[in-house]
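Chemist: Using the hints, position chain B against chain A.
Number of protein chains: 2
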Amino acid sequence: MDKATNIVIVGGMAAGPKTAARARRCDSHARITVIEQGQTVSEGSCGLPYFVGGQIESEAALLIRGPKYFKEVMDIDIVNGTRAVAIDRTAKELEVLDLNTNTTSKIPYDKLVIATGATPAVPRGLKGHDLKGVFTLTKLADANAILSEMTATSPKRAVVVGAGLIGIETAEAFRERGLEVSVVEALPTVFPALLDAEMASQVEKELTEKGVDLRVGQRVMSLEGDDKGHVRQVLTEKGPIDADIVLLALGARPNVELAKQAGLTIGATGGIAVNACMQTDDPDIYAGGDCVENVHRVTGEKILAPMGSTANKHGRIIGTNVTGGCDTFPGVLGTAVVKVFDVNASRVGLGESQAIAAGYDVITAIAPGSEHASYYPGAQMITAKMVVDRATGKVLGGQVVGKGEVAKRADVLVTTISLGGTVEDVANLDLAYSPPFNGAMDVLHNAANVIRNKMSGMAKSISPVKVNERICCGEEFVLLDVRSNPEWEDAHIEASQCRLMPLNKLRAEVNALPKDAEIVTMCRTSIRAYQAQRILNGEGFENVCFMDGSITAWPYAVVCKHK
Amino acid sequence: MDKATNIVIVGGMAAGPKTAARARRCDSHARITVIEQGQTVSEGSCGLPYFVGGQIESEAALLIRGPKYFKEVMDIDIVNGTRAVAIDRTAKELEVLDLNTNTTSKIPYDKLVIATGATPAVPRGLKGHDLKGVFTLTKLADANAILSEMTATSPKRAVVVGAGLIGIETAEAFRERGLEVSVVEALPTVFPALLDAEMASQVEKELTEKGVDLRVGQRVMSLEGDDKGHVRQVLTEKGPIDADIVLLALGARPNVELAKQAGLTIGATGGIAVNACMQTDDPDIYAGGDCVENVHRVTGEKILAPMGSTANKHGRIIGTNVTGGCDTFPGVLGTAVVKVFDVNASRVGLGESQAIAAGYDVITAIAPGSEHASYYPGAQMITAKMVVDRATGKVLGGQVVGKGEVAKRADVLVTTISLGGTVEDVANLDLAYSPPFNGAMDVLHNAANVIRNKMSGMAKSISPVKVNERICCGEEFVLLDVRSNPEWEDAHIEASQCRLMPLNKLRAEVNALPKDAEIVTMCRTSIRAYQAQRILNGEGFENVCFMDGSITAWPYAVVCKHK
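Chains A and B supply the protein sequences, listed in that same order. Using the working numbering, you'd call the opening residue of the first sequence number 21 and step up by one each time. Using the working numbering, you'd call the opening residue of the second sequence number 21 and step up by one each time.
Hints were generated in silico from the structure; no laboratory data involved. In this text the structure is predicted, and so the values were computed from the model without any measurement. Cβ coordinates follow ideal geometry from the N, Cα and C atoms, glycine included.
Heads up, simulated DSSO-like pairs for lysine-lysine below, C-alpha to C-alpha not over 27 Å straight-line:
1. 91/B to 480/A
2. 423/B to 423/A
3. 91/B to 525/A
4. 535/A to 91/B
From chain A, some residues computed to sit far from chain B (all C-beta separations above 12 Å):
5. 148
6. 206
7. 303
Same shape as in the complex, but just chain A (with noise of 0.2 Å):
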């Protein structure tokens, strides 16, 4: 008689590997078994974009576990090349479909957990994305696919279709392996779903350095073909790009079919609707990873977040939760963390306009600074902005952008907002600081103080967004640059508005400035500006505020001494 639990689980790439291994720690006698269409488990699927750019040279390298480990090692079943097809909630069983035979059986469960992920988006009304050498990237036999187009067609020219995460990554791998590459984005901004526009445009900036040929705000219309049904060319509303080889990055949608056949609940969002244990409505299905919805911790509302921390993390819970325990999930930050070629781009929490449109009073700063201590070799320039709700002075959000170090930030971000910290209790962390590793005040020290000084009042601040909008606009304010003459001559923002007045020529010559004069004074960090807006203030200029991030926040053209 065996009265061993029977815990079938459906996906075999993150959440459900995951979910096998806890619970077999958690129970050693539970009949544990893994149904997966693919061939392989437990993918690396992260590093596929790297798998294509090269710096991962093997695919052994993301299949770190294979079914014979899970067997040995952990007793678990791992049944590949079979795809679950319907569940009876009533027998409690679950109906697959072998792929090799297109036979069908019957496995019984006590407890059936669905991780079933997600399936890049793909328009079906978009002509031409069953090209040949048109691609998606979510599994390693789509990396192995592009691979041997490479070997077999030599591209020149990739085209990236959206510019997020996948995309943007993948764009880097076709320049490392030598292609031109081109992205287009319907939407405005690089990382439109991640990065506020001013800090996009660091990313843009690079992406551009580094030869990648940026086509924001241009949808796609169709992909053409030539007379053997290859990809040629990529038709935006602006025009034609030719291609040999295209990456549709469009994002996910979460593969839901097997949970709302079996009449489980699908929230607004398109993801299988889970409560904190991640449970279904029927308490002997749980659901985890890239195919369910998501709590985010700041709005409370419903969001997809398909990551394979969140889908390890999940795992952990359900694993402990069909093993008789009891775990909960608080939900996800939204978080993201992205290299670009040599600028790292990180986002925590809500944006700017997505607090404003969550109904937040949300004061912002932009903090510019070096990564570790400036004297120390190496240091790299990074930007931190920070998203806070005025009423509370909790910590609604944060990006940062740079060459330098930016993951750390993201997660003092991360930690910060997940335990309901507000910029005071930032601006006083113990941060951990010697040379090589911060300043003695680190970036979201920094952040944290121009809010705390925006809401008692003493420092005032207009966005480079704006600012751009009356300069175009030819409003009449002075735009006082207060750097250095070599900082001006290296680079400056052509306007008549603007003017240079370096920092320790301002107490000297402020009466050159007309006393009822709106004035907005920049720099290159925000640093000198804000000071320049304290002396003017102390000086009886009383319209003065600074810009926020100053040039290093500019999403626009400059003068440029150099190229």
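Modeler: This is chain B only, laid out in the frame that chain A set:
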């Protein structure tokens, strides 16, 4: 009639200038004067070991802002070469001595700020401490003296007394300059105030590999000189060490004489006592930086925490408060991070024994892991130790050491502890993940989950230190190494109790183990060892635990194929 507030600040290194700058931004009309006995201001003193080592080439890099800048930009008077000698609290006057003219004068103040820093601790009774060639290192002048000595005498052998931050950083600097270097430390490990023994051992290995002659557990008895009064030997209780140049790095003592003479309270730590507003018991006298004592945010106890990062936070708060504002400092976590050649080490909050001494029922985990996705190029190992209060699950402290990234993990722990977070909070943090930056599970996730497994009774562990004790006592138990054959051949623990049984054979060969045996499992990082513990539990073995941190955290000798 001058109604401007008269703010006088004693000390021009870190907290002093920061106070002055913040005060100016808060109050355009205040008179602000900084009294500094040295000839410089705002030294980047944390960079001094790198200036000695040559990574920082010019002293100008460490002197970013001079008196001219302070005057021109901030209308702050820096008075160099002038020592504050007494405070007349009734008359509200500071008596100062001009070190050039040797004349005294009095400066009236409305608000006085004491930022007198600290002085290297040199035991008065230490014979030979005043020989030529013996240095301390806390000021640029010290660094220049060391560099002059190296130019003049071309020393071959350096001895560093004290294995704290400055001692070890300067030992590396001497190695960078090509010297033979010995480090003598009275306590049994390097960084005795920062790292628990098993974490310190990883730093010790690196120092030894990089050619540093490490002599821990040896007290220095005297310094011996030649007939020209130049140091030639450091005599420890275990014998002499030849020395051409000696650095005394025995910590620092707060400079409190001025405060003491004025009748202000000096705390039991030896630092000036201040409240959360950084105010001494005289409401018109504030103090900050290395001369004051801080509150430890975990224990609430007063501690000394001389750090440039803390001094800057103090300065901002004092600058606010002396200009009529109100800001408070929540205290410190004793955070530190340090580069030791290719190894990085960090510490936050309470160490294990410190937490036990503070009365906590402590539970810990040692989690080695890859700094980022192991399949992404360049991944280095790091080891995270977490110290948690069993009663509440609150994180009390942590240490992260390794060749990979450690500062990020330290800062996540800083944020967690500052906001009262628990292991459960850490386990579910939505930390930034992509292969170049992290694994799907961060080492902190793993450490937190190990502790949760221990709290639930699923995981049972023993520390490497205890395993070694039991080996040394010849106790009967099985130390079951579940790594692979090649890993065992590469390096293993030599003990009669030690036995190899690779994890993938364990289920098949489990009957070869005596059922009633006491078994300690081990592997490389503990992950397989924990898996083995659970397999053995499932097979009916009751008396099983795994070695925390396994061979990565084993601070003793191993039988090693190489060398």
